[in-house]
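Engineer: Assemble the complex: chain A is given as a structure, and chain B must be docked to it using the hints.
What follows is each chain in one-letter form.
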Amino acid sequence: MDCVVTGGNVKVLAKAIHSLSRIGDELYVEPQEDGLSLRSVNSSRSAYACFLFAPLFFSRYTIPSGHTFRCKMAIKSVQAVFRSLASLEKTVEKCDIVLDEQKNRLTFTLHCKHGLLKTHNLSFQDSESLQAVFDKDSYANVFRSHPRLLVDTVVHFPPSLEEVTVSVSDERMWVRNHVEEEDQSKAMLTELCLASDEFDHFAVRIHNSVTFCLKELRGLLVFAESTGLPISMYFDEPGSPVVLSVTDSVLEGNFVLATLSDDPNHRKNNSRRALTPPPPADDFMNDDIDSYLIAMDTSMAPGPSATGPPTPPLADSTCSKQPAAANNRTRLHSEEEEEEDDTADSSKPPNKKFCSLFFGSVIPPSPQMSTQPVTNQEVLASDSEDDV
Amino acid sequence: MPLSTQSQADDEQYVLVASLDNARCLSNILKAITFKDHAIFSATPNGLKVTVEDSKCLQANAFIQAEIFQEFTIREDLVGFQVNLTVLLDCLNIFGGSTVPGVSTALRMCYRGYGYPLTLFLEEGGVVTVCKINTQEPEEPIDFEFCSTNVTNKVILLSESLKEAFSELDMTSEVLQITMSPSQPYFRLSTFGNSGNAHYDYPKDSDMMELFRCTKTQTNRYKMSLLKPSTKALALSCKVSVRTDSRGFLSLQYLVRNDDGQICFVEFYCCPDEEVE
Chain A
1 MDCVVTGGNV
11 KVLAKAIHSL
21 SRIGDELYVE
31 PQEDGLSLRS
41 VNSSRSAYAC
51 FLFAPLFFSR
61 YTIPSGHTFR
71 CKMAIKSVQA
81 VFRSLASLEK
91 TVEKCDIVLD
101 EQKNRLTFTL
111 HCKHGLLKTH
121 NLSFQDSESL
131 QAVFDKDSYA
141 NVFRSHPRLL
151 VDTVVHFPPS
161 LEEVTVSVSD
171 ERMWVRNHVE
181 EEDQSKAMLT
191 ELCLASDEFD
201 HFAVRIHNSV
211 TFCLKELRGL
221 LVFAESTGLP
231 ISMYFDEPGS
241 PVVLSVTDSV
251 LEGNFVLATL
261 SDDPNHRKNN
271 SRRALTPPPP
281 ADDFMNDDID
291 SYLIAMDTSM
301 APGPSATGPP
311 TPPLADSTCS
321 KQPAAANNRT
331 RLHSEEEEEE
341 DDTADSSKPP
351 NKKFCSLFFG
361 SVIPPSPQMS
371 TQPVTNQEVL
381 ASDSEDDV
Chain B
1 MPLSTQSQAD
11 DEQYVLVASL
21 DNARCLSNIL
31 KAITFKDHAI
41 FSATPNGLKV
51 TVEDSKCLQA
61 NAFIQAEIFQ
71 EFTIREDLVG
81 FQVNLTVLLD
91 CLNIFGGSTV
101 PGVSTALRMC
111 YRGYGYPLTL
121 FLEEGGVVTV
131 CKINTQEPEE
141 PIDFEFCSTN
151 VTNKVILLSE
161 SLKEAFSELD
171 MTSEVLQITM
181 SPSQPYFRLS
191 TFGNSGNAHY
201 DYPKDSDMME
211 LFRCTKTQTN
221 RYKMSLLKPS
231 TKALALSCKV
241 SVRTDSRGFL
251 SLQYLVRNDD
261 GQICFVEFYC
271 CPDEEVE
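As given, the protein sequences belong to chains A and B, one line each in that order. When you number the first sequence by the UniProt record's numbering, it's gap-free, plus one each residue, and the end is 388. When you number the second sequence by the UniProt record's numbering, it's gap-free, plus one each residue, and the end is 277.
None of these hints come from the bench; they were simulated from the model. The reader is advised that the hints may include incorrect statements.
[As the list claims (entries may be wrong)] The calculated lysine-lysine pairs, modelled on DSS-like cross-linking and capped at a C-alpha distance of 27 Å, are:
hint, chain 1, residue 1, chain 2, residue 2
1, B, Lys204, A, Lys90
2, A, Lys90, B, Lys239
3, B, Lys232, B, Lys36
4, B, Lys31, B, Lys163
5, A, Lys94, B, Lys204
6, B, Lys239, A, Lys113
7, A, Lys113, B, Lys228
8, B, Lys223, A, Lys76
9, A, Lys90, B, Lys163
10, A, Lys72, A, Lys103
11, A, Lys90, B, Lys232
12, B, Lys56, B, Lys204
13, A, Lys113, B, Lys232
14, A, Lys11, A, Lys90
15, B, Lys49, A, Lys76
16, B, Lys228, B, Lys31
17, A, Lys113, B, Lys154
18, B, Lys163, B, Lys232
19, A, Lys215, A, Lys113
20, B, Lys228, B, Lys49
21, B, Lys36, B, Lys216
22, B, Lys204, A, Lys113
23, B, Lys239, B, Lys36
24, B, Lys154, B, Lys216
25, B, Lys36, B, Lys228
26, A, Lys11, A, Lys94
27, A, Lys76, B, Lys31
28, B, Lys163, B, Lys228
29, B, Lys204, B, Lys228
30, B, Lys163, A, Lys113
31, B, Lys228, B, Lys132
32, B, Lys232, A, Lys76
33, B, Lys163, A, Lys11
34, A, Lys94, B, Lys163
With the rest of the complex left out, here is chain A (with noise of 0.2 Å):
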């Protein structure tokens, strides 16, 4: 790969990986056909980012035709690449981004004034692919504003506080602060109402709220304020992943965040989801619910296609596969599968708790491998945990 970025969108893409490092250590890097893909996701994998820059925000984006190649490394030295964020603009003229596959290393020219050159040799590891799937055009609400609205609503939030809960009507949204249940009585409620007309879009198919974290977004809108583009969130039901995103001709942001799962207040408004009975474990005609879903799958060792996973640890977890086609995903390995625990199961996890947004085949199958747990381990964690 050997792209050149010139000027203002040098910061851009700086921008970017800041935003893409308040979600996890590592950056993957996977240069595609319509553009350099940078991607991030927490420990925990309830939340994940992913920048798609297309060849035109490019001044030069060539990649080697024939095969893909993509690698990780951790974010914190790319970081370093971009450090003095505020004076990039004003000194970086030019950034050359080569990846070099015969010597390992990813390098990052910076072209600056005065003559100055900075020359960043990353090595990096190969990693496996890591692609979200959702279909955020199938969430119930989407809402989209100024990056500025949501800054001016979440700068009421101490920075200590890890997730919000954003709940709609018709007219109106609410963002509040989210207590445990537990902490109820001493802790202090904030709650912003934002009217329909403040945003640009406000489209409400079902009035319901989610509970998310609130790091993540503010990751995005660093990046939505610096640039500014609007910010559009979709989101459906309690315990399916909240879509953040940010569009514009030449690059495309999408931020795709658990929400907290088991909302006792509102569950019972949600009639969605419990009306459809749970499918079986190896339905792979149940596509159309599980469309938000968010899988991994790797394409390091292609191998036939998986005959299935096992069947997940909850016997009554919703549970499905999507084959790689439904996604027009050429790989030939690739499958996903969900696991919730918003059922209604004793045995569940406390409530404070993220559903992963990652499922399956993190590992091809191979016959050593398929005894493992890890395909289809149950990641349950609480996001905030693993990221202070």
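Structural biologist: Only chain B this time, still in chain A's reference frame:
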């Protein structure tokens, strides 16, 4: 001059008397070399030299010329003593080191001679504080034998451009490698850290390069931990001269302009880390 009320007779018992209207002129420059507690003071009729050393590999000298002081009286050719620099700095900022314009601490620094404490009279807003700092036996500063005739390569850069590089240096790298060469890459700073390596190249015709005089390609490594303290001086300075001699020893000279526009120098000598082929 609020501190000039002392009688002439008092003054005569001192071998060194130095007065400053604004103690910050002195404290700022001393801060730039505060990486170890002990500082060797040597005063000559030309001014004051303060030396701090680390690991016998690094030496920092701050030069404060006699002209910087409103009064600089010395009764011997050379007056030397050693004090704890951190304590001295605390005393100089005893009134809080206010940076509000118009508010400044006046200083009168007196030394009676061997065995006597260093006496500071500090005055701000009519309040006088007298500080006595015990002096120690002055050690002999290391002679790095860095002489200008042995200098192989020399560049003078505007500090601005080096500040950026130093603020971004990969601190996971154990060394900073400096390459100076009459041909490409001319002047290069390199680090070798956990995540890879980084090079900063300054072309010889850059606006930031005030002087470029390199005769021979030289690549030397210096311990990052030794060079790190020099960033304080870099931050204060407006120009920096980078020189290496035939043995690979590094000299960094910082030109520092104080609040009144007067010029002082801070100089660092550093031993190379190891031979690089």
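Engineer: Taking the hints in turn, state whether each one holds.
Structural biologist: Against the structure, the hints:
no.	hint	result
1	Lys204(B) to Lys90(A)	21 Å, holds
2	Lys90(A) to Lys239(B)	21 Å, holds
3	Lys232(B) to Lys36(B)	13 Å, holds
4	Lys31(B) to Lys163(B)	17 Å, holds
5	Lys94(A) to Lys204(B)	20 Å, holds
6	Lys239(B) to Lys113(A)	18 Å, holds
7	Lys113(A) to Lys228(B)	25 Å, holds
8	Lys223(B) to Lys76(A)	23 Å, holds
9	Lys90(A) to Lys163(B)	15 Å, holds
10	Lys72(A) to Lys103(A)	15 Å, holds
11	Lys90(A) to Lys232(B)	24 Å, holds
12	Lys56(B) to Lys204(B)	33 Å, violated
13	Lys113(A) to Lys232(B)	24 Å, holds
14	Lys11(A) to Lys90(A)	10 Å, holds
15	Lys49(B) to Lys76(A)	42 Å, violated
16	Lys228(B) to Lys31(B)	14 Å, holds
17	Lys113(A) to Lys154(B)	22 Å, holds
18	Lys163(B) to Lys232(B)	10 Å, holds
19	Lys215(A) to Lys113(A)	34 Å, violated
20	Lys228(B) to Lys49(B)	21 Å, holds
21	Lys36(B) to Lys216(B)	34 Å, violated
22	Lys204(B) to Lys113(A)	14 Å, holds
23	Lys239(B) to Lys36(B)	24 Å, holds
24	Lys154(B) to Lys216(B)	10 Å, holds
25	Lys36(B) to Lys228(B)	13 Å, holds
26	Lys11(A) to Lys94(A)	10 Å, holds
27	Lys76(A) to Lys31(B)	31 Å, violated
28	Lys163(B) to Lys228(B)	12 Å, holds
29	Lys204(B) to Lys228(B)	25 Å, holds
30	Lys163(B) to Lys113(A)	14 Å, holds
31	Lys228(B) to Lys132(B)	31 Å, violated
32	Lys232(B) to Lys76(A)	25 Å, holds
33	Lys163(B) to Lys11(A)	20 Å, holds
34	Lys94(A) to Lys163(B)	20 Å, holds
Of the numbered hints listed earlier, those contradicted by the structure are 12, 15, 19, 21, 27 and 31.
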